[in-house]
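**Q** Based on these hints, arrange chain B on the given structure of chain A.
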Amino acid sequence: MSNSETINPNTTMNNESKTSSTTKVEELQNLKGRKTVLMQGNEAVAYGALDAGCNFFAGYPITPSTEIAEILAAELPKRGGVFIQMEDELGSICAVIGASLAGAKALTATSGPGFSLMQEGIGFARSAETPCVVVDVQRVGPSTGMPTSCAQGDIQQSRWGTHGDSPAIVLYPDSVKESYELTIRAINLSEKYRTCVILLLDEVLGHMREAVRLPDLSNVRVISRVKPTVPPHWYKHYENNEKYPIPLASFGEGYRFHVTGLTHDSLGFPTNKPNEAAEMMARLKKKITYNIRDLVQIESFQMDDAKIAVFAAGITARSAKAAVVMARKEGIPAGLLRPLTIWPFPDDAVRKMLRDVDIVIVPELNQGQLIREIERLVKDRSDSKLIKIQRVDSKLIPPQDILQKIKEVI
Amino acid sequence: MKYPYEIRLSGSGGQGLILAGIILARAAVLENHHVTQTQSYGPESRGGYSYADVIISNEDIYFPEAVSFDCLLALNQESCDKYLFDLRENGILIVDTTFVKNIALVVENTYEVPFTEIAIEKLGSPIPTNIMALAFLVQVTGIVKLASLQQAIEESVKPAFIDLNLRAMKLGIDLAKNYEK
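Line order of the protein sequences matches chains A and B.
Sequential numbering from 1 applies to the first sequence in my numbering.
Sequential numbering from 1001 applies to the second sequence in my numbering.
With the rest of the complex left out, here is chain A (with noise of 0.2 angstroms):
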């Protein structure tokens, strides 16, 4: 993709294409050499993960996810990992935490259902500080929705599904070999910034298969926590520390430290005392608002000269740029923005679009998630030069539709 730049990328992909035989398993475990091969996103997340390093898995299948725990349920405990399959999602996110908590790198996989189960563990981890990935492969809703089909339908839910304000930092890929890229970031800046990190895939997405060549393992950059240098005495688990990353402790080395929901003080322990606590959510918020330029990713597509502008995250991101690539052929300057991560916006990307360009379609599988942020960047409410194209009914939004929105706005 020759026009795109990606911003920040957080690992470093061999992009030579070296094509031969063989999926087996083995294969994909070589840690160089690697060839390519026809991978299912679910699988890409899988052996992202894997290569992260992370240990520990516990989870409920759920389509479309399942795939995520059927590999690793046969892939970590050759490599002295841990994989429970729990009672339930409530369960699941738990046991994620308190593996977490032990020292490892801890994952879970679901749907939208089970997603709405986890959502007080989620909050939960990003209380009480401690790094894990949860990926959440959408599927239709509400409720139990349609199983195997298609929508966009958690994004707001992936930023404020748990009760009280915390920070959110959710990752969004378009492909497969991008659902692999953003689950080794997914669990670095987990780790890097301890807290539950989310990824949301779309169905097609999970299930789709592409041809793909991962990265020798030497070319991707692992993230671990840091270990505390100080005597356990001096230890404190909730330091006020604008380095990162944080170190941090895990049970079982001899740093004595509390971990609870309730609001918490530098050791950890509950507390009622206003100015804790203001301590506590500034800590929370510093988090992501000092560290945006690390955090935040975009793509952006033929925007340099581009009067009208796509705007689009996940699967829908690839009808728009197919959208963008027929109407750039008839002549008009089509650009895409996609961002890599939702949550924290790109509000400064997203404001220099809003500045550069006459008019902002955003296609998407809701009924205006992404649009409402744009619509809170946008200044002048009376004179709105947003487009919306919406569709709720399963299945994608095709390329054409797109083009002909373009072509009826331009």
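Taking lysine-lysine pairs in the DSBU-like style, the calculated list, with each CA pair at most 35 angstroms apart, reads:
1. K1002/B <-> K407/A
2. K1145/B <-> K329/A
3. K405/A <-> K1082/B
4. K78/A <-> K1158/B
5. K395/A <-> K1145/B
6. K1082/B <-> K329/A
7. K1082/B <-> K388/A
8. K1177/B <-> K35/A
9. K1002/B <-> K395/A
10. K1158/B <-> K395/A
11. K35/A <-> K1170/B
Just so you know, the hints here were simulated from the structure itself, not pulled from any lab data.
**A** Relative to chain A, chain B alone:
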């Protein structure tokens, strides 16, 4: 070959269409093509609708689902009725006449073969129908080399079933070679 080449393999759940799609996509990967394979199916493991889309190209594929088809394989009446009208001009239609009794739109390149009947008669089971029909499709379209198809089959099915599926593949190729319109 004109790229991107878009193929839909359609029928009902249990006919092995998604496996056929994976095998075709895998064969295309062996030939260094860009490829996407997507699918749509209901929650049932058998029955209901099911289709697999394979797009083969020589450049990046943005939208991963087939919108209109260069080739449509229909293994039952419903899928033939539903997707036939999205076949491109000069597109190739392949139907299993065991289940498809009526073709609503006569297209020039139509191949009518009772795949399931032949599978039961020659291979003793309807199960390898998918591979037979896929091999027929590959022989007719030339979209991938037969050697790649064979390798993809060997890599995709359980070792105990490789022999049966390779027999199904050969049968499908022979049917295509001897097909008389």
